[in-house]
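A.B. asks: These are the residues of each chain, in order.
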Amino acid sequence: MNIPSNLMYTKSDEWVDLKSGKMGLTDYAQNQLSDIVFVETLVDVDDDLEVGGEIASVESVKASAEVYAPAGGTVVAINESLEDAPETINSDPYGDGWLVQVEVDSQSDDLMDAAAYEAYCADRD
Amino acid sequence: MTYIPHSPKERDEMLATIGVEKLEDLFKAIPAAHRYPDLDLPPALTEMEAAAELSEIALANETTAELVSFLGAGVYNHYIPAAINHILLRGEFYTAYTPYQPEISQGTLQAIFEYQSMMAHLTGMDVANASHYDGSTAVAEAVNMAMAQFRGKRKRIVMSQGVHPQYRETTNTYTQFSDMEIVGAEAGSLSTPEALAELIDENTALVIVQYPDFFGRLFDYTKLGEAAHEKGALFCVVANPTALGLLKTPGEMGADMVVGEGQPLGIPMSYGGPYLGFFTTRNKYVRKMAGRLVGESVDSRGQRAFVLTLTPREQHIKRERATSNICSNQGLLALAAGIYMSLLGQTGMRHVAELCYHKAHYAAEQIANIPGFELCNPEPFFHEFTVCCPEPVADINEHLLEHGVLGGYDLGQDYPDMENHMLIAVTEKNSKEEIDALVAILSEVSHD
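Line by line, the protein sequences are chains G and A. FYI, the numbering for the first sequence is -14 to 110, going by the numbering used here. FYI, the numbering for the second sequence is 25 to 472, going by the numbering used here.
Simulated from the structure, these hints should not be mistaken for lab results. Honestly, I wouldn't trust all of these hints.
[Unchecked claim] Which residues of chain A face chain G? A few of them, derived with a C-beta cut under 7 Å, are:
id: 1; residue: P336
id: 2; residue: I341
id: 3; residue: K342
We put the CB at the ideal spot given by N, CA and C, even for glycine.
With the hints as extra help, turn the sequences into a complete structure.
C.D. replies: Right under this line is the structure:
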């Protein structure tokens, strides 16, 4: 399982890059969901996003999951390419599969670093 | 009887497991006085006696089998081909409910798929769902879908007063505890598309009109649809499916959703139901659509097969985030509509629509010639029109009933400003003789 060390993680399996403000679903999450067929982004550019706010709804063949913001701030970009290629989250969850980018002004108190998240994932398997 | 799930031995085992001696002990929580109440029932009848008594009660009804009917207002007296009932009553179809292991029932899924395909074609749209309970719930689901589309950010619904009063009432029931605001009364009972367009703003999620409207009037809603889209709102048309056999489709007018009552498609009037709600939309909104959806696929052997598709939309997966909490459909009646449309075909649908249109226009012309009666509205109409009468509609209808004629709908019931307005529907079942008889009786009224 891929867990980049430069990112922070949540218990609900989102990642955030506190430098760039990009966030998305982890490798663990995409693997659990299996083939992702649809992504609906639930925020717009310029929205004020709060920590824990819903940023997207992701559907796989037989399941649906909500994605919550690991960090808050003003939304500066959303990944529109996922509309036509939602499977990018499966193939590149930390790269081209990012969901939303914000100008970070707050973050969840429960963020984990890569080592903590790896232990958290191992506990669940 | 092959279906007895538990033998007496198994019941005893279950009772013993939970430590109860006999079945009656399970009802001890109910006060003894209420446990086995005496029911005030007449003596038991034999099957033959019961059938005779029920027949006698049924005979007290006056039905459209004996009466000549000019009543419509949302439910229409069309001819139902005999083949429909014969196919519906086949055991393979006549089951109680949508199967819970759907893919094992390929026949049921194919029937729904064919219904969906024909419904989408008839309305000029991309996709139809497997149906809703009736026209009013289909309208309410259109409002639901618009609310979901804008994630609650837009809070205004512009709904014409020309949408069936009961559909509007059902919509109000659905939305009463939300913060949605439904406007439309401002444009007047007899609103025009232009007046409705004035009410559309940046906060509007949905504009919804009826085609023909409740008063029978026909408008080309293309410009209204454009006005809705200019403000980013969705545009829904509530349509009469019979009329769509002849008229420009709402799809051609730019509708995002076309919904309505499917009863005219081979379903009996049955004193108010059960009916069929149809719901069609564009591909781009399909994930926000409520209800079940059957899709065509291939199985592991590469053979054509049907599946329930896009199910993550639905409540059993998406829970409170689903557009609607209704995934059920009106399977048997969707099948009836599917059989009706396939029996008639595109040519037959057009033929029925033309018969309705021409007979209604003959009737309207004759009635307008009676002194004291006139057509209330100048707009084109399909098979239903509003007549301004010289006397209260209830009085006229009483008089008509004495002659075995079921008169039109009294619009004053729903619209206080429409006293003495009668809504008259004419279908292919009304003969010229029947129309002439209606005109003759109305002429007597005018001489009173």
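A.B. asks: State for each hint whether it applies.
C.D. replies: Hints and how they fare:
1. P336: holds, 4 Å
2. I341: holds, 5 Å
3. K342: holds, 5 Å
Violated hints for the displayed structure: none, as all numbered hints are satisfied.
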